[in-house]
Each structure stands twice: as C-alpha cells, then as structure tokens.
Amino acid sequence: DAKTTQPNSMESNEEEPVHLPCNHSTISGTDYIHWYRQLPSQGPEYVIHGLTSNVNNRMASLAIAEDRKSSTLILHRATLRDAAVYYCILRWSGGGADGLTFGKGTHLIIQP
Amino acid sequence: DAGITQSPRHKVTETGTPVTLRCHQTENHRYMYWYRQDPGHGLRLIHYSYGVKDTDKGEVSDGYSVSRSKTEDFLLTLESATSSQTSVYFCAIRRTESGNTIYFGEGSWLTVV
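Chains as they are written, first to last, in this note's numbering: chain Z, 1 to 112; chain U, 1 to 113.
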C-alpha cells in the first residue's frame with residue numbers, strides 16, 4: 001500500500017468542525033482512500049472511503065483533492081466522543097487478501 | 001456491528017503455556033485477520049485467512065499459528081506464550097461488498113506473566 005502522511009495530533013473544540021488532513025502523493029489511480037478511527041480501548045472503526053469524488057455519510061465527509069494527492073476527513077460538529085486516533089489508509093481497488101497497513105494516525109483531542 | 005465476537009476478552013497466562021484466541025463471525029465473510037496492538041508499534045498484522053484452510057502470514061507472525069476449519073471461526077494460537085506476546089489482539093473481517101472495508105472485533109487483552 002502507498003504511504004500516507006498525517007499530523008501526529010490535532011486539537012479542536014466541541015461542537016466545531018474538524019478537518020483532518022492526509023497527504024498521499026504516491027497514490028495510484030486504483031487506490032481507494034480509507035479512513036478509520038480508534039477510540040480508547042476499542043478496535044478500529046470504519047469511518048468512510050472514496051476514490052475520486054467527495055463522499056458523505058452519517059459519520060463524516062471525505063474531501064478528495066482533484067489530483068488525489070491529498071484528502072481531508074471532515075467531522076462537521078465534533079463531540080467529545082470523536083476524540084480518537086484517526087487513520088488514513090490507501091487500499092487498491094483489487095483488495096488482495098492481505099489486511100490494511102496502519103500508520104500512526106492523527107490523535108484528535110476535543111476540548112469541551 | 002459486523003457480527004464479530006472475540007473470546008476470551010481478557011486472559012492472564014503464564015510463560016510457556018499455550019493460548020488460543022477465538023474469532024467468530026456470523027456473516028459468512030471470506031477474509032479474516034488477526035492484528036496485535038502495542039504502544040509505540042500501532043496495529044500490526046499477524047496472520048490472515050482468505051478462506052477455509054487458506055491462511056497466510058502477516059508482518060509479525062513468528063510465535064503464532066492460525067487455523068480456519070470453518071468459515072465462521074478463525075483461531076489464533078500461541079504455542080508457548082512469552083512476555084513479548086502480552087498485547088491486545090484484534091480480529092477483523094473484510095466486507096468485499098462494501099468497498100473492501102474492514103471491521104474489527106472488540107479485542108482480546110492478553111497478559112503473559
């Protein structure tokens with residue numbers, strides 16, 4: 001899987017939007033951009049994924065740059081429950097049998 | 001909820017004893033995974049399975065074996081547990097029908113003393 005770069009940590013206030021960046025300059029045309037998050041003492045949780053177009057779901061939005069070399073996970077209104085480590089992972093469309101490769105992710109801190 | 005159950009959820013065992021962790025899924029997915037997570041190392045893949053009796057090694061497979069005799073169960077065995085295998089173990093399945101997204105179980109906390 002191609003490499004991604006994320007900030008080690010970010011801090012935001014409750015009830016404000018949060019924009020989590022991810023750089024993936026070596027992304028290939030068939031790589032999907034996946035986001036997962038891990039709350040304390042829990043397993044990682046799928047958040048969203050996309051290929052080229054921006055995506056929305058009940059948890060978040062994913063904005064993908066036109067050249068696909070970066071993306072941003074958007075939490076529209078952060079709550080304390082959104083405090084977690086967020087992982088940006090590239091995954092080729094064929095899937096393959098092997099699992100996702102997790103980096104260190106971004107530790108998101110939410111202030112009340 | 002991806003229908004994944006891990007057991008036991010917590011276990012303390014002695015060095016040198018065998019330990020088996022079980023991952024059970026209810027949705028008939030083909031792909032299953034075992035990860036471990038340690039401070040400073042993040043999540044690392046131990047073994048994975050792509051079907052009954054079809055398994056392969058991941059990044060940190062030494063000291064671990066797996067078996068998958070039926071679709072719903074993926075077993076991780078530590079033949080002779082060591083203190084370095086104290087960790088949190090996560091099982092996961094892959095949903096190929098939803099963009100190959102992966103869903104994790106709640107984890108098994110293993111302490112080897």
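Wrong hints could be hidden among the right ones.
Claimed, not checked - Label-pair ranges, simulated between beta-carbon atoms:
(1) I74(Z) / T15(U): 29 to 39 Å
(2) N56(Z) / T111(U): 40 to 50 Å
(3) E66(Z) / S69(U): 19 to 29 Å
(4) R95(U) / S28(Z): 17 to 27 Å
None of these hints come from the bench; they were simulated from the model.
Yeah, the Cβ is synthetic: ideal placement off N, Cα and C, and Gly gets one too.
Going through the hints against the structure:
no.: 1; hint: I74(Z) / T15(U): 29 to 39 Å; verdict: violated (47 Å)
no.: 2; hint: N56(Z) / T111(U): 40 to 50 Å; verdict: holds (42 Å)
no.: 3; hint: E66(Z) / S69(U): 19 to 29 Å; verdict: violated (49 Å)
no.: 4; hint: R95(U) / S28(Z): 17 to 27 Å; verdict: holds (22 Å)
Comparing the model with each numbered hint stated earlier shows that hints 1 and 3 do not hold.
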